[in-house]
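Number of protein chains: 2
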Amino acid sequence: MDAKRFITIFSILFSFLSVAVSQTLIRLKSENPFSGDRKILRDDGLYCESWRFTVETNDAGDWKTIPDKCLKFVEDYMTGPRYKSDLEVVSDDAISFASTVNVANDGLDAWIFDIDETLLSNIPYYTLHGYGSKAFDENSFDEWVDLAEAPALHASLRLYTQLQQMGFKLILLTGRNEYQKNVTEKNLKSSGYSNWERLILRGSSDMGTLAVSYKSGKRKELEDEGYRVHGSSGDQWSDLMGFATAKRSFKLPNIMYYIP
Amino acid sequence: MDAKRFITIFSILFSFLSVAVSQTLIRLKSENPFSGDRKILRDDGLYCESWRFTVETNDAGDWKTIPDKCLKFVEDYMTGPRYKSDLEVVSDDAISFASTVNVANDGLDAWIFDIDETLLSNIPYYTLHGYGSKAFDENSFDEWVDLAEAPALHASLRLYTQLQQMGFKLILLTGRNEYQKNVTEKNLKSSGYSNWERLILRGSSDMGTLAVSYKSGKRKELEDEGYRVHGSSGDQWSDLMGFATAKRSFKLPNIMYYIP
Chain A
103 MDAKRFITIF
113 SILFSFLSVA
123 VSQTLIRLKS
133 ENPFSGDRKI
143 LRDDGLYCES
153 WRFTVETNDA
163 GDWKTIPDKC
173 LKFVEDYMTG
183 PRYKSDLEVV
193 SDDAISFAST
203 VNVANDGLDA
213 WIFDIDETLL
223 SNIPYYTLHG
233 YGSKAFDENS
243 FDEWVDLAEA
253 PALHASLRLY
263 TQLQQMGFKL
273 ILLTGRNEYQ
283 KNVTEKNLKS
293 SGYSNWERLI
303 LRGSSDMGTL
313 AVSYKSGKRK
323 ELEDEGYRVH
333 GSSGDQWSDL
343 MGFATAKRSF
353 KLPNIMYYIP
Chain B
103 MDAKRFITIF
113 SILFSFLSVA
123 VSQTLIRLKS
133 ENPFSGDRKI
143 LRDDGLYCES
153 WRFTVETNDA
163 GDWKTIPDKC
173 LKFVEDYMTG
183 PRYKSDLEVV
193 SDDAISFAST
203 VNVANDGLDA
213 WIFDIDETLL
223 SNIPYYTLHG
233 YGSKAFDENS
243 FDEWVDLAEA
253 PALHASLRLY
263 TQLQQMGFKL
273 ILLTGRNEYQ
283 KNVTEKNLKS
293 SGYSNWERLI
303 LRGSSDMGTL
313 AVSYKSGKRK
323 ELEDEGYRVH
333 GSSGDQWSDL
343 MGFATAKRSF
353 KLPNIMYYIP
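Residue numbers (this note's numbering), protein chains in the order written: chain A, 103 to 362; chain B, 103 to 362.
Take every hint as true, because none was put in to throw you off.
One copy or two, it doesn't matter: identical chains are merged, so the pair holds either way.
Calculated cross-link-like contacts (lysine-lysine; reagent style DSS-like; alpha-carbon spacing at most 27 Å):
# : residue 1 : residue 2
1 : K349      : K320
2 : K349      : K166
3 : K349      : K322
Hints listed in this document are in silico derivations from the structure and should not be mistaken for laboratory results. From a predicted model like this one, the values you see are computed outputs, not experimental measurements.
Just need the whole structure built from these sequences, with the hints factored in.
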């Protein structure tokens with residue numbers, strides 16, 4: 103065996119090992135949220151997880167935009183398997199509770215749904231607008247709403263359909279405005295929702311009211327009409343808190359924005 | 103250069119690369135929660151993360167024990183950096199809010215703290231009792247309480263101290279019983295807490311009352327005495343909800359047990 107042959111064999115083995123190392127690194131990197139600049143990203147990941155905890159439990163209170171260092175985290179969460187999985191488990195909880203309710207024949211057993219990030223997903227919009235890293239731009243969002251192209255959240259459509267089969271009356275209570283009624287109905291229908299009992303939008307008298315007050319007031323009116331509001335599903339605590347609250351509330355995940 | 107020398111150089115380089123590969127794998131494996139039996143553990147991990155979401159948002163409602171397949175997840179969470187990090191960010195939120203309060207000189211600006219898993223950690227107990235995977239055993243837990251050895255949660259001691267410096271009166275409202283008063287005081291003091299305004303425990307008239315009603319009733323009494331309860335910190339939703347709620351509530355993480 104001469105030196106040339108050794109160099110050839112050595113080169114081949116070395117290349118093979120180098121490829122193995124880089125492939126392993128690439129594979130693990132794609133699966134490991136804390137890879138990359140390891141120390142910095144691990145700390146940011148831990149912080150962003152904790153920030154998410156405080157947002158979802160409402161500990162954070164009012165907030166305007168996501169933390170700068172959590173942009174990648176928010177993008178990964180909202181477009182990846184975790185968001186979908188969280189939504190599915192929330193719907194499972196809601197169905198478990200709903201199945202304990204004795205639904206009467208009087209058509210007054212009700213369930214309230216919010217629309218944005220509850221029945222419909224605005225991820226296609228937020229993908230183009232920084233996932234909550236920029237201040238809310240009403241004009242561009244309204245243009246998106248006018249397209250009526252928001253897809254259904256799978257887990258919510260499943261819950262919606264099942265509640266209807268159980269005999270619940272479904273009331274949609276949204277912060278969208280009356281002038282968006284037609285496009286909202288169009289979008290709901292094209293994404294698979296049908297036969298809601300009522301669609302309540304912000305009218306002129308509701309302008310300038312905080313969401314939590316507007317929604318509590320509307321729930322009170324429903325209560326006064328005789329509805330028994332068993333459940334309420336919403337991605338914002340302002341969908342669920344305040345007064346005349348439902349017997350059980352179901353907080354859906356959303357770490358892109360906060361509505362007081 | 104002869105063949106022998108080539109073999110030596112080749113062997114050294116090969117060993118070096120092999121060590122690099124194995125070290126990288128070991129290091130990444132220890133940091134990646136989804137390593138091991140990749141497919142199965144990843145799915146369970148995703149489910150347990152979502153289960154945790156529904157527990158911390160109270161979507162799950164009443165539950166008795168943690169899901170069997172989440173035992174490792176719960177252990178890792180409660181004993182690892184995530185739990186500590188979550189607690190620290192919750193305390194940061196509480197301090198941010200507290201610093202917006204104008205504390206008066208009348209000694210009536212108050213903050214309520216729960217004790218177990220809020221001021222004191224029972225992790226040493228739960229480490230020996232399956233992290234919530236087994237039904238609650240009052241006898242063995244009471245024996246642990248009698249030891250008065252529960253450590254302080256660092257983030258809560260930090261918040262407690264800072265609130266006191268700001269002039270808040272700290273009221274401790276716990277589901278522990280009157281007969282545990284002495285050991286509770288002893289444990290609080292030995293773990294660093296001092297100068298609370300009041301320690302409220304379950305008396306004979308509070309027996310058989312749900313935690314949420316017992317705690318709401320006590321908050322109402324404080325309100326009637328003139329206290330302005332600005333903040334409330336607790337690891338259970340039953341510490342925070344009901345009536346006479348604080349202006350702001352701070353839900354601390356805890357995925358080991360649920361108290362209605």
